[in-house]
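*Asks:* If you want the building blocks of each chain, they are given just below.
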Amino acid sequence: MPIITYRDALNQALREEMQRDDRVFLMGEEVGVYQGAYKVSKGMLQEFGEMRVVDTPITELGFAGVGVGAAMVGLRPIIEFMTWNFALLALDQVVNSAAKMLSMSGGQYPMAMVFRGPNGAALQLSAQHSQAWESWLAHIPGLKVVAPGTPYDAKGLLKSAIRDDNPVIVLEGEMLYNTKGEVPENEEVVVPLGQAEVKREGADVSFITWGKMVLVAQQAAEQLAKENIAAEIIDLRTLNPMDADAIASSVSKTNRAVVLEEGWSVAGFGAHVADFVQRECFDDLDAPVLRVHQEDVPMPYAKNLERAAKPDAKKAVAAAKKVLYLEN
Amino acid sequence: MPQKKSSEQNGASGSIDAAARGDAALRRDLLREMLLIRRFEERCAEAYAIGKIGGFCHLYIGQEGVGVGAISSLREDDYVIASYREHGQALARGISPRAVMAELFGRVDGCSKGKGGSMHLFDRNVNFLGGHGIVGGHLPIATGVGFAIKYRGGDQVCVCFFGEAAVNNGAFHEALNMAALWKLPVIYLIENNRYGMGTALERASAINDIAERACSYDMPSEVVDGQDVLAVRAATMRALQRARSESIPTLLEVRTYRFMGHSMSDAVSGTYRSKEELEEHMKRDPIVVLRMTMEQEDGWTDADTSKLDEEVKAVVQDAWDFADASPEPPLEALYEDVFVDTTS
Chain A
1 MPIITYRDAL NQALREEMQR DDRVFLMGEE VGVYQGAYKV SKGMLQEFGE
51 MRVVDTPITE LGFAGVGVGA AMVGLRPIIE FMTWNFALLA LDQVVNSAAK
101 MLSMSGGQYP MAMVFRGPNG AALQLSAQHS QAWESWLAHI PGLKVVAPGT
151 PYDAKGLLKS AIRDDNPVIV LEGEMLYNTK GEVPENEEVV VPLGQAEVKR
201 EGADVSFITW GKMVLVAQQA AEQLAKENIA AEIIDLRTLN PMDADAIASS
251 VSKTNRAVVL EEGWSVAGFG AHVADFVQRE CFDDLDAPVL RVHQEDVPMP
301 YAKNLERAAK PDAKKAVAAA KKVLYLEN
Chain B
1 MPQKKSSEQN GASGSIDAAA RGDAALRRDL LREMLLIRRF EERCAEAYAI
51 GKIGGFCHLY IGQEGVGVGA ISSLREDDYV IASYREHGQA LARGISPRAV
101 MAELFGRVDG CSKGKGGSMH LFDRNVNFLG GHGIVGGHLP IATGVGFAIK
151 YRGGDQVCVC FFGEAAVNNG AFHEALNMAA LWKLPVIYLI ENNRYGMGTA
201 LERASAINDI AERACSYDMP SEVVDGQDVL AVRAATMRAL QRARSESIPT
251 LLEVRTYRFM GHSMSDAVSG TYRSKEELEE HMKRDPIVVL RMTMEQEDGW
301 TDADTSKLDE EVKAVVQDAW DFADASPEPP LEALYEDVFV DTTS
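Protein chains in written order, with this note's numbering: chain A, 1 to 328; chain B, 1 to 344.
No wet-lab data here; the hints were simulated from the structure. Since this is a predicted model, take the numbers as computed values, not measurements. Please note that a few of the clues may not be correct.
With a straight-line cut-off of 25 Å between C-alpha atoms, the simulated SDA-like cross-links for lysine to any residue are [to be verified]:
hint : chain 1 : residue 1 : chain 2 : residue 2
1    : B       : Lys183    : A       : Ile58
2    : B       : Lys150    : A       : Arg15
3    : B       : Lys150    : A       : Gly74
4    : A       : Lys253    : A       : Cys281
5    : B       : Lys183    : A       : Val33
6    : B       : Lys183    : A       : Cys281
7    : B       : Lys183    : A       : Arg52
8    : B       : Lys183    : A       : Pro57
Take a look, some chain A residues computed to stay more than 12 Å from chain B by CB distance [as the list claims (entries may be wrong)]:
hint : residue
9    : Thr59
10   : Leu125
11   : Lys315
12   : Lys321
Under 7 Å between C-beta atoms, here's a sample of chain B residues computed to sit facing chain A [claimed, not checked]:
hint : residue
13   : Glu246
14   : Leu334
15   : Phe339
Using N, Cα and C, we set each Cβ at its ideal position, and we do this for glycine too.
Okay, chain A solo, but in the shape it has when bound:
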């Protein structure tokens, strides 16, 4: 099976879906002539032309709204944000228009569209360019939210997102674009929205996570394995709707849960997971649910401070040992 990058997996998904449905188009900053700020759309302008691969001015609110309008009358826009940090300027369109249009029109205007781009911190980009938005977005009724952590899931979830008749948020990762993984060549790769996957089986503790933190969970699980602790990794893949059964099933086996998330702790999505686990898995739990997250500070620039602020495998290992009562 071919091993490709997360970036190329997304590129394949975009191209396959645009070949499949001529209502689908890609719009955003630098997606065309520049070939994508992160080269996700490389070659697409040449393949599909400038009506379907549309370079925009730096006008996030505006082009997000253009996507909404096009979706209202039957096109299927893919709106690329160069990063989700810039999408903050467009949240009125994402939240007030895309998420609510179906409901406030009494079901008349479904919004089949995708908002996608890199989410979370990269390296030394400091405060304004390093933040994870999933807690904000998963909070909104009417939005589906996916956060693929592997090339396979990136391709499969993006394809499902494009085919879905609802607005879907796709949270990619700058640090994920170069990661590699197996993606089959001659078969359709589609990952249904709302389905978690057990990325690693284990009986001692459940890591519940998504997106880039799947890699951190894998590192932590490797370290724990050396100490004969078997960690299970539940990759939610989709945050809204969340696969509650997958979480419950894992916790019923391990009796211990650690939620790993890239964002801040206050009102973070991990709190939503922890709420579910304490409520629905109470009798299974042998320890309180712990959360590993970014420190509650704006991301600092200095390397050492940035490292200290980020959730990492070391913190995940410590949390796992704590719920196993191996460490304080």
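We have chain A already, so just place chain B on it with the hints.
*Replies:* Showing chain B alone in chain A's frame:
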């Protein structure tokens, strides 16, 4: 004041003006539509006072010439999108008074099934793409509708109604810049009623002739007398011609005045505008302006007006009765229409 009237210079103005003025039958239809909106809105105020309509409710009284003039110039396959002061445009576009009133009453037979209310009237059957509640929020959406028309190679036009206060908002700039850059068939129609809630235009905009803002986008623009429904029609038709034949967007500054408060919770006059100012503007009631034209040109009489008035009052009463009899949405509807369960 500098104005661009590109089509007026190409010899089309005569035929457009004639089409805009129409004949006696057309003028009667325009008067009827404006009267219907006026009576409808008056009953909305009454319904609001007795609690049948809740929330925010922004009436269109005084501005009827704008919505009726512009929308009467459109084709069925064109698109209309509006702000939250959109009862008038919704009726003018052809959403039934029953469905609009039922929506305002929060009933299941409303045009948005009771989920939208006064600020979110929608009707897919007549390409009415909503009332939108965030100032400026629907302007980029209109640009997107224009983009979709061009994407498909159609010759429809999207008309986007908004108040003059929205021009100070970033969405206005972003939407118009892209529409001009990409040459999209959109008419951005400013309903300049002089006040953004209680803040006068002069206290909010660095330039007061806001049609001049079109210069920033090299976009044709025009200042229009919004109290003259025939003038609004003519200007809209010129913009439609540019949009259909050349895919060029237009900014129309239609000057009008609202005779009521900003919303039902706002006094008609007082803190930010005087009674004298209001009364001065009410002398140019769009219904009266058209009626006077009809009296001069069509032999229209007071008796004709009374008859028409009775007719539309009956329509509004029917809408009220229908809305009042319509049930509240069933509780099962609470979780409906949050997501659709389909894929393509």
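*Asks:* So if I understand the rule, the pair passes when the alpha-carbon distance is 25 Å or less; does Lys183(B) with Val33(A) pass?
*Replies:* holds (20 Å)
*Asks:* Go through the hint on Leu334(B) and say holds or violated, using the shortest Cβ distance to chain A against 7 Å.
*Replies:* Interface hint status for Leu334(B): violated (10 Å vs cutoff 7 Å).
*Asks:* Starting from Lys183(B), check that the Cα of Arg52(A) is at most 25 Å away, please.
*Replies:* Roughly 16 Å separates the two Cα atoms, so the pair holds.
*Asks:* Is Lys183(B) close enough to Pro57(A), meaning Cα to Cα at most 25 Å?
*Replies:* Holds, at about 14 Å.
*Asks:* Would the hint on Phe339(B) be counted as holding, given a Cβ-Cβ threshold of 7 Å to chain A?
*Replies:* At 5 Å from the nearest chain A Cβ, Phe339(B) passes the 7 Å test, so the hint holds.
*Asks:* Could you grab the alpha-carbon distance between Lys183(B) and Ile58(A) and see if it respects the 25 Å cut-off?
*Replies:* holds (18 Å)
*Asks:* What's the verdict on Lys150(B) and Arg15(A), does the C-alpha distance respect the 25 Å limit or exceed it?
*Replies:* Roughly 22 Å separates the two Cα atoms, so the pair holds.
*Asks:* Within a Cα-Cα threshold of 25 Å, do Lys150(B) and Gly74(A) meet the stated pairing?
*Replies:* holds (13 Å)
*Asks:* Does the claim that Lys321(A) lies outside the interface with chain B hold up, using a Cβ gap greater than 12 Å?
*Replies:* Holds, because the least Cβ-Cβ distance between Lys321(A) and chain B comes to about 40 Å, which exceeds 12 Å.
*Asks:* Closest CB-CB distance from Lys315(A) to chain B, is it above 12 Å?
*Replies:* Holds, because the least Cβ-Cβ distance between Lys315(A) and chain B comes to about 35 Å, which exceeds 12 Å.
*Asks:* Between Lys253(A) and Cys281(A), is the straight-line Cα distance small enough, at 25 Å or below?
*Replies:* Distance of about 11 Å is within 25 Å: holds.
*Asks:* Is the nearest Cβ of chain B still more than 12 Å from the Cβ of Thr59(A)?
*Replies:* Contrary to the label, Thr59(A) does not stay out of reach of chain B, its closest Cβ about 4 Å off (not over 12 Å).
Checked against the numbered hints given earlier, the structure breaks hints 6, 9, 13 and 14 and satisfies all the rest.
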